[in-house]
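**Q** What follows is each chain in one-letter form.
2 protein chains.
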Amino acid sequence: MTTNELTRQELTRQPATLQEVADAAGVHRSTASRALNPEKAHLIGQDVVERVQAAALQMGYRRDVLAAGLRTRRSRLIGVVVPDMANLVFAPILSAIETVLAENGYSALIANAGGGVDQQIRIVEQLIAHRVEGIVLATAQQDDPVLTRCLEAGVPAVLVNRAETIARASTVISDDIGGMRLAVEHLVALGHRKIGHIAGPRHLSTGSLRRQGFEQAMAEAGLDAGAVSVASAYTRDAGRVAAADLLDRHPDLTAVATANDLLALGLYLELRARRLACPGDLSVVGHNDMPLIDMVDPPLTTIHIHHGDMGRQAAELLLKRIVAPDAAPVIRVMAPELVVRGSTAPPFRRVVSKDEI
Amino acid sequence: MTTNELTRQELTRQPATLQEVADAAGVHRSTASRALNPEKAHLIGQDVVERVQAAALQMGYRRDVLAAGLRTRRSRLIGVVVPDMANLVFAPILSAIETVLAENGYSALIANAGGGVDQQIRIVEQLIAHRVEGIVLATAQQDDPVLTRCLEAGVPAVLVNRAETIARASTVISDDIGGMRLAVEHLVALGHRKIGHIAGPRHLSTGSLRRQGFEQAMAEAGLDAGAVSVASAYTRDAGRVAAADLLDRHPDLTAVATANDLLALGLYLELRARRLACPGDLSVVGHNDMPLIDMVDPPLTTIHIHHGDMGRQAAELLLKRIVAPDAAPVIRVMAPELVVRGSTAPPFRRVVSKDEI
DNA sequence: CGTTGTTGTGCAATCGATTGCACAGAGTTT
DNA sequence: AAACTCTGTGCAATCGATTGCACAACAACG
Numbered sequence: 001m002t003t004n005e006l007t008r009q010e011l012t013r014q015p016a017t018l019q020e021v022a023d024a025a026g027v028h029r030s031t032a033s034r035a036l037n038p039e040k041a042h043l044i045g046q047d048v049v050e051r052v053q054a055a056a057l058q059m060g061y062r063r064d065v066l067a068a069g070l071r072t073r074r075s076r077l078i079g080v081v082v083p084d085m086a087n088l089v090f091a092p093i094l095s096a097i098e099t100v101l102a103e104n105g106y107s108a109l110i111a112n113a114g115g116g117v118d119q120q121i122r123i124v125e126q127l128i129a130h131r132v133e134g135i136v137l138a139t140a141q142q143d144d145p146v147l148t149r150c151l152e153a154g155v156p157a158v159l160v161n162r163a164e165t166i167a168r169a170s171t172v173i174s175d176d177i178g179g180m181r182l183a184v185e186h187l188v189a190l191g192h193r194k195i196g197h198i199a200g201p202r203h204l205s206t207g208s209l210r211r212q213g214f215e216q217a218m219a220e221a222g223l224d225a226g227a228v229s230v231a232s233a234y235t236r237d238a239g240r241v242a243a244a245d246l247l248d249r250h251p252d253l254t255a256v257a258t259a260n261d262l263l264a265l266g267l268y269l270e271l272r273a274r275r276l277a278c279p280g281d282l283s284v285v286g287h288n289d290m291p292l293i294d295m296v297d298p299p300l301t302t303i304h305i306h307h308g309d310m311g312r313q314a315a316e317l318l319l320k321r322i323v324a325p326d327a328a329p330v331i332r333v334m335a336p337e338l339v340v341r342g343s344t345a346p347p348f349r350r351v352v353s354k355d356e357i
Numbered sequence: 001m002t003t004n005e006l007t008r009q010e011l012t013r014q015p016a017t018l019q020e021v022a023d024a025a026g027v028h029r030s031t032a033s034r035a036l037n038p039e040k041a042h043l044i045g046q047d048v049v050e051r052v053q054a055a056a057l058q059m060g061y062r063r064d065v066l067a068a069g070l071r072t073r074r075s076r077l078i079g080v081v082v083p084d085m086a087n088l089v090f091a092p093i094l095s096a097i098e099t100v101l102a103e104n105g106y107s108a109l110i111a112n113a114g115g116g117v118d119q120q121i122r123i124v125e126q127l128i129a130h131r132v133e134g135i136v137l138a139t140a141q142q143d144d145p146v147l148t149r150c151l152e153a154g155v156p157a158v159l160v161n162r163a164e165t166i167a168r169a170s171t172v173i174s175d176d177i178g179g180m181r182l183a184v185e186h187l188v189a190l191g192h193r194k195i196g197h198i199a200g201p202r203h204l205s206t207g208s209l210r211r212q213g214f215e216q217a218m219a220e221a222g223l224d225a226g227a228v229s230v231a232s233a234y235t236r237d238a239g240r241v242a243a244a245d246l247l248d249r250h251p252d253l254t255a256v257a258t259a260n261d262l263l264a265l266g267l268y269l270e271l272r273a274r275r276l277a278c279p280g281d282l283s284v285v286g287h288n289d290m291p292l293i294d295m296v297d298p299p300l301t302t303i304h305i306h307h308g309d310m311g312r313q314a315a316e317l318l319l320k321r322i323v324a325p326d327a328a329p330v331i332r333v334m335a336p337e338l339v340v341r342g343s344t345a346p347p348f349r350r351v352v353s354k355d356e357i
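Just so you know, the sequences run in chain order W and C.
First residue of the first sequence: 1, per the numbering used here; consecutive thereafter.
First residue of the second sequence: 1, per the numbering used here; consecutive thereafter.
Check each hint, because a few of them may be wrong.
[Claimed, not checked] Partial list, derived from the structure: chain W residues whose beta carbon lies under 8 Å from chain C: (1) Val100; (2) Ala102; (3) Asn104; (4) Ala108; (5) Ala129.
I should point out that these hints are in silico values taken from the structure, not numbers from a laboratory.
Remember, predicted model here, so these are calculated numbers, not experimental data.
The C-beta atom is built at its ideal place from N, Cα and C for all residues, glycine as well.
With the hints as constraints, model all of the structure from the sequences given.
**A** See the structure below:
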């Protein structure tokens, strides 16, 4: 015993174990376990509960989540997979998810999945190996193999920001079609008729849905939706490339609605290079309203998405799913909002406007 | 046995256990364990190793990190505590940390610690309960109680971005004094003499060090460093408040060096409200070079910090510390760089310049 | 041929907590 | 007084993998 005392003394670091607390309180460790668990404390005599709690407090006891998890099969861990943490759009989503999880006693295991599907699968396997109780995927593609893997493994999963066409899991997304409609309607109301679109990658729901939204809204306005250029990724550079292509092919455009703020910034770059003014020569609408985008020059008119809310809802849906794994998938569509800033204005009537009928 | 088979059949989801793999390969589970561990596979006959690996592969076996960790006391988890994940400065740091950890077989348990010290302590306790093998703190204050707690608990910790005056743990920071010197020297070179400073909170190392840097550089240039206003937090709003105060008290300033890009943006707001032009009436230098800051109007001249590198180094230091816990703390100071954009210019000689000698 | 080494496997304890079941003792009913 | 409930605790198995130690088989040696 003395030896034991000494050892514990030496390694002050080692946290007290349940057994030790139980010994200190003079009860069996099972009793201590129950006394320390609010859900089961009623099974134990009031005085004993207090004695155990006092001992635990005094010894600085902390339940070992690992050990407990082994037995209960509850790790209190949630995996979160994002394509790129450095992408500002995900910052508020992640932040909100983490907050909700923490409020519910969970911790977030966050992983970057910049690489391809194989890397994503590896990451998910890692998460599963850590026995996460659920996974939030912000990386979903059409027929996502990663989601398939989660489903196979029986790990509850929810999708956020990007969706699949067929809902195999609960999902929280923005109304991408509606958002694009807001953008187009705004431009049409300003008097634009020649409106182009810089679309996101086809395999991402945001890319294809927003493009659909563009085409629908244009059709409803009786306008031609032919001026579309597809960016290869949601980056400034890809946006610039797509913008150059679009402007080359359709020099008569007076406005462009883009699928993403970064693409809009790429367009800004290209405009600057061509010495075209925004909104003087071309009006631009972005999508997402990412942080700081209100400070660019000119301040970008864009579609605001409540990313924080999306993250929060995704986390809540996941937690619900964990307690009721067999409920039907829920699709939550968040309404976006148009935020008018300085990048849109009525079209400038060019001198060479005789070619307009 | 058949019952067991059936159960497993029903719940397809349950991953195979080591025991089952061992049974399938016709060996003891300890043998299977060794065969599956590259470090110990040499102890086992070549043919057996192959048989076990084949069985494992075929049954989709994944080592249960929780169970293994219980025995080995290695959770393969690293805690990361940031003040605010939504703050763009931390995005690249987090991203880099996660990448390095993943490369080394670790996962990142990331937690937001927006609240006060008590919340931070709670979070650290949570992390410890999850038996993290190390912690990265991006929240350090002077005499940080959180760090104290980590040290007590014997959990290796490293500080990133913010430091303590006395180095109790390895730290990776930017050369805050040097960075500020770059800013001041740049302004002086442009011809500015009346230079102000918007400082960050005093209890953060970045706040006090950058202020020191400002004062030193001004002294070296033989200028008066009296025009300083302290912001209550690193936010745009706090920056604007401090800016208003500074401009009120020192209407003759021709340039301001701020301790942070967001503070600079706050200053932009205040300038706009006062109908003052930047850089026409006032030159502004930021600090950090956060994402997108090059797109604001005017593009902000700022001090670039290699946040990704900082994150990477912090993660590497932590991993080293885990294998050699008793090595002396290392302080890694990263060199920042001046990035000249559009917010700085030579001072405008005002008409009322007769009061200059 | 007996002894000593090597090599490859199996056995069983262990990590720390949870939980179904057994059981002792007090209180209630017939 | 026997039979029966409750209540509060203890016992021991369990979660899944790791590892020190024992031991068998076989080779090499004197």
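**Q** Could you run down the list of hints and mark each one as holding or not?
**A** Evaluation of the provided hints:
With a cut of 8 Å, the hint placing valine 100 of chain W at the interface with chain C is violated, because the nearest CB-to-CB distance is about 11 Å. The restraint placing alanine 102 of chain W at the interface with chain C holds, with a minimum CB-CB distance near 7 Å, inside the 8 Å limit. Interface hint at asparagine 104 of chain W: violated, since its Cβ lies 12 Å from the closest Cβ of chain C, which is beyond the 8 Å cut-off. A least Cβ separation of about 6 Å between alanine 108 of chain W and chain C falls short of the 8 Å threshold, and the interface hint therefore holds.
Given hint, alanine 129 of chain W at the interface with chain C, holds; its Cβ is 5 Å from that chain's nearest Cβ, closer than 8 Å.
Against the hints set out earlier in the document, violations occur for numbers 1 and 3.
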